[in-house]
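When you get a sec, could you build the whole thing from the sequences and use the hints?
Sequence order for the protein chains is A and B. Everything in the first sequence is counted per the numbering used here, starting at 1 for the first residue and increasing by one. Everything in the second sequence is counted per the numbering used here, starting at 1001 for the first residue and increasing by one.
Think of the hints as simulated: they come from the structure by calculation, not from any bench. Backbone N, C-alpha and C define an ideal beta-carbon position, used for all residues, glycine too. Careful: at least some of the hints might be erroneous.
Reference listing, derived: stretches of chain A covered by chain B, where coverage requires no fewer than 3 residues with Cβ under 8 Å from a Cβ of chain B [to be verified]:
(1) 88 to 101
(2) 137 to 143
(3) 219 to 225
Calculated from the model, a selection of chain B residues having no Cβ within reach of chain A, i.e. all distances over 12 Å [as the list claims (entries may be wrong)]:
(4) Lys-1007
(5) Asp-1118
(6) Ala-1162
One-letter residues, chain by chain:
2 protein chains.
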Amino acid sequence: MNRILLKADEVSDGGRVVLAGIRARHIAAVLKPAVGDTVRIGILNGAPGHGKLIAVAPNHVELVCQFEAGEPPVPAVDLLLAMPRPKVMKRLWAPLSSMGLGRIIITNAARVERNYFDTHWLDPAHYEPRLIEGLQQAGMTRLPDVTVARRFRPLIEDQLEALSPNTQRIVAHPDAGFSSHAGFATEPSRRLLLAVGPEGGWVPFELALLQAAGFSAVALPFGTLRTDIACIALLAAAGVSRA
Amino acid sequence: MNRILLKADEVSDGGRVVLAGIRARHIAAVLKPAVGDTVRIGILNGAPGHGKLIAVAPNHVELVCQFEAGEPPVPAVDLLLAMPRPKVMKRLWAPLSSMGLGRIIITNAARVERNYFDTHWLDPAHYEPRLIEGLQQAGMTRLPDVTVARRFRPLIEDQLEALSPNTQRIVAHPDAGFSSHAGFATEPSRRLLLAVGPEGGWVPFELALLQAAGFSAVALPFGTLRTDIACIALLAAAGVSRA
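Spelled out as C-alpha cells, the structure:
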C-alpha cells in the first residue's frame, strides 16, 4: 500500500483516526514506522494527505491526519470493456483502478458468453475492495465509476455520450491496419474513451456500431494478447502518449 | 491458443503430426474445426505455418503441416527484471512471452528478499510451459532466452553487453523526473533493453551502476504500479513508441 485510504466517517473532526485490521497490520508490519513518523493517507473519493502516527501496535494504529486542499481531478481516461471471463474480471479490478480510470463501462458482445454476467465479480461488494486495493497501490484516492450496461446497442447509440461525455473514442482491434501510435497522438487535451473487445474480438456489426459512434480503431503492435494484458497495454500506451 | 506449437521432433518428414492431450482437446473442443480445415501451427523456436486437419477426435488430432520459409526474427526488446515475489514471477511468464521478448534477465537487488530465489518458478521445467502458453496466445513461435544472473554488479558491469548487445538501455524509475515518452522516442531502429526494479524500487547505488552502464531513466505517467503491471505497461509503451 503506497497510500492508506480512509472512509470519510473514520476521521474525527480533529483529524484523528484509529485503525485496526488489515490497514493497521500493514502499517505496523510492512511500513514499520515509529511514533512521530508520517504515512501517506487519503479519504476515499476525497483529498490525499499525510497521517502522523501517535500510536503503533500490531493491530492498533492511531494517526492525526492533515489533508491537501481540493480533491484530485477525474482521471483522463474511461474504459469500455466487453465482459471477460469472470476469472479475468476478478484480476482486472485492482490493475484498472491503479492505472487511473474515470469510468469503467462493462457491456455484452456477441462473443461474450451469457453466463459471464452471473458472476459475483460484477457485484460492488466484491469488486470495490479490489478497486480500493488498486488505488492504495498507486497512491490515488478516487474510485472509478462502474457502469454495467449489458445491452450493447442501446449503450453505444443512446447512453454513451452521457456516461463518457466529449471523449475521443478509440477501439483496440487487431485488424485495424494502422499503428496505434498515430491513433493515440491526436488529441492529448481531450478525455479518452478506450474500448476493449472480448477474447474472440468484436463482430462486424459491433465494429460498425462503434465506428458510427465515432470510434477510430487502433492495432497494438503485438500478437493477440489475453484480455487483461490487452487492457493494461492499451491503458499504458494511451497514458504514455498523453504524458 | 492462437497458434498450436509443436516440438520439431513431433513433425514427421512428410509434415504429419499426431496430437493428443491439451493441444488436441483445445483443437477439438475450442476451435471445433472440420476435417479439411486448417489451424495455425508453428515449430517451437522455428517457423510458423498452417496445419490441415485430416482427423479430429476429442483426444486425437492429425494434421499435415506446411511451414513458412525462414524463422521469425528475434524480438526487438530485452527485459532486465529484479526478481519479484514468486507469486508475481509465476504470473508474469506467460504475459512476458506473449508481448515478444528476445531475452529475460533476472537479477538480485537490495530490495529483493533473499528467499525469492528459492522458488521453483525460476526452474525451466516450471516456467517453460508458461512461456509456451504466452507464445500460443500471441501466435508467436520464438521462446525468449532466460538468464538468471543473481549478482547485480558483475551482471551490470561485465556481462550485460554480451547478454543484450548494442541495445538502447532504459530503466523505469518513478523519480526520473522526465516523461517516458521522450525517453522512448529516441532510437526506434535499435534494439531495446528495459529494466524494471523491485517493488520498493532500486537503491541509489544500483541506479548509479545502471546510469554508468548507459541506462537512461524514464517515469511512466502512473502511480506506483505492481511489478507485473509495471512490466506490461513498460513493454506496451515501448512497443507502441517503436511501431
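Failing hints, ascending? Result: no hint breaks.
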